[in-house]
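Visitor: So the chains spell out like this:
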Amino acid sequence: MKVVEVNDLRKSYGNFKALKGITFEIQKGEIFGLIGPNGAGKTTTLRIICTLLKPDAGTVKVFGYDLLKEPQEIRKVISYLPEDAGAYKELTGLEYLKFIAKFFARDEKDFQQIVEKGVQLSDLSDRLKTKVSTYSKGMTRRLLIARALMISPKLAVLDEPTSGLDVLSAREVRNKIKEFVKNGGTVLLSSHNMLEVEFLCDRVALINNGEIVKSGTPTSLKEEFGVSNVEEVFTEVIRCSGTC
Amino acid sequence: MFWNLLKKELREVLTVSSFIVVIVISFVYALIGKTVGNIETEVLKKPMVAVVNFDKENLGTIFEQSIANFVQIIYSGQNLQEGLKNLQQNGGTALLLIDQDFTNSIKSNEKGKIKVFWLLKGLGLADTISSSVFEKLFENVENQIRMVLMNQHGIEDPHFVLDPIEKVDATFFNQRTFEGLSPSQLLNITSSQNTMTSVVMMMLIIMAGSTVIASMGLEKENKTLETLMTMPVKRSYIVFSKILAATISGLVMAGIYMVGFNFYMKSFTFSSAASLGISLGTLDYILVGVSLFSALLCGIGMSMFLGVISKDFKSAQTMTFPLTALAIFSMLITMFKDFSSLSLPLKVVIFAIPFTHPMLSIRNLLFGKSSFVVYGCIYNVILGITLIILITKIFNSDRLITGVSFGRLKKLGFFGNSKLQGPGV
Ligand SMILES: Nc1ncnc2c1ncn2[C@@H]1O[C@H](COP(=O)(O)OP(=O)(O)O)[C@@H](O)[C@H]1O
Ligand SMILES: [Mg+2]
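So the protein lines, in turn, are chains H and A. Residue numbers in the first sequence follow the working numbering, run continuously in steps of one, and reach 244 at the last position. Residue numbers in the second sequence follow the working numbering, run continuously in steps of one, and reach 1425 at the last position.
In case anyone wonders, no lab produced these hints; they're calculated from the structure. A portion of the hints provided could be inaccurate.
Here are the simulated DSBU-like cross-link-like pairs (lysine-lysine), alpha carbons at most 35 Å apart as the crow flies [unchecked claim]:
1) Lys1242/A - Lys129/H
2) Lys131/H - Lys1242/A
3) Lys28/H - Lys1234/A
4) Lys1045/A - Lys176/H
5) Lys137/H - Lys1234/A
Sequences are here, hints too, so could you generate the full structure?
Guide: Structural data, given as structure tokens:
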């Protein structure tokens, strides 16, 4: 089943063409990685899929719902983690989880379950009782990952979930994402770290200057170019574009 | 080296927003100056005064003549009705009625009576200038009478010679006559309450406004708003809850201010206000509250708008400035001038600024112009709703995420790289 279908997506900021016709699909149960350098158009793509920006042209479907016609339906099944996001500074971590849970819980029991799951996912134990403003970057990210995944969304959209984190924290985040997919979720994430995606993603699309230059599984891409990692694949693709 | 640094610092300091700030300030001052600036000419202008002299004897004539040295006499005669009509038509300051027994009373060592009918055009500080000027002049004239008395009588009864005239005031304002009150007394009675609403309103707008703008900036910086927008929540709820929360907290603050201010103002307030029929009833206070609420709603809507179009916390902070300037402008202008004494274009401007309505409300209610207050509330509510609709529109567009760029200004070369790196760099 196709979770996301993006077809010839275009978006400009003023005169600047940020997306120049992007096409890809995501299957259920996949971790799909949108990989590319800074400014490639990853955030723009994710924001459009999450109903934050309107596309100039092209179609986007999430679980069969059309982006422009039924954004409300899409919002019910996705969970978005913005790049470099924070939480409300005045709330404690626990209050923040409860605040989000209220929007999704069907009843009191459901609410308790969601919060309980969030508490577990965050791994913040006692620090959940202190204000978000006192959290380190790693702690904030853990809270936000927990927030994004605790509601068991059908699709989690994570914009650079590991960027700026130390090795251990990044690893922890990657494990949480894998865990989530194992339990039946689907993930669309972006990253400019081409090495981590090999470990994390089932399929990747390499994006550069608003265009997808290559896509496939990390293994097949490496084989195709005869190199040892995705970073080299990317370098090859960019070098070849135009000449080969 | 130094120039290189200076160039970079200048580029940081001379931004579009800082120019906007300065332009707004100058505009505000220019406007206030233009409206209030004629204070000096008003002070120098001779007040226009009508004199009705019923006294045929010499002191009455002396009084009339000496007053003519200081003022412009617009009517001199024996007919009170005629005199009052003249006063109204010419927009004069006051009418002096010299009692028919003026000379006789003084000669028999009783005070001579002079009644002053004041014509008051408004209760702003600038509106009452001509009356205070005339009040001073009146004392000069009284001195002349004293001199005459001293010359004629010597100082047998210093007490009497020093205070020979009994002045009785009556003030016409807004189709009512306030017996026994001079304009400055009337101003005193009303200004304490009026100052309170003006100051409270200004503080509220500045405080609540900057809180909202800062909170929007923070939401953008932390992407919390972005997160909320991808969740199954109605966007109008997000907008409305934010505005309502800020308004409620504003009203709570207003309440606290008012209580504090009341204690402070108690010492200045005339207790006679009620007996003169110029005090507020429960309904009036409700109207003031509604007016305050609606203006606050507009102020918060405006700040929300400014917060929405700003990109991050820092640019949001500069956005508070136009709002602050507008609030201070409203306060000053309503303190100096009464609505009714403004020129038509200014009336339009003042009416259009939502904050002026609560600032003028007490004055208007005290003098029975409640319809003006009601219209103000209606206007504010309509403006507030329009703002909310506009903000919700922005929430549903890309603007919320991308902010409003000054790209077009950049292209025109108002600021930025093209200009500073001109030829030769
Ligand atoms: N609000 C905006 N206004 C103008 N240009 C923008 C805006 N947002 C992003 N861009 C531009 O669009 C391009 C793609 O941005 P983005 O999608 O954020 O890239 P990525 O997430 O891959 O780093 C960049 O060149 C960026 O400068
Ligand atoms: Mg990005």
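Visitor: If a hint holds in the structure, say so; if it doesn't, say that too.
Guide: Hint by hint, here is what the structure shows:
1. Lys1242/A - Lys129/H: This hinted pair holds, its Cα atoms lying about 25 Å apart.
2. Lys131/H - Lys1242/A: Holds, at about 21 Å.
3. Lys28/H - Lys1234/A: holds, 28 Å
4. Lys1045/A - Lys176/H: violated, 82 Å
5. Lys137/H - Lys1234/A: Distance of about 30 Å is within 35 Å: holds.
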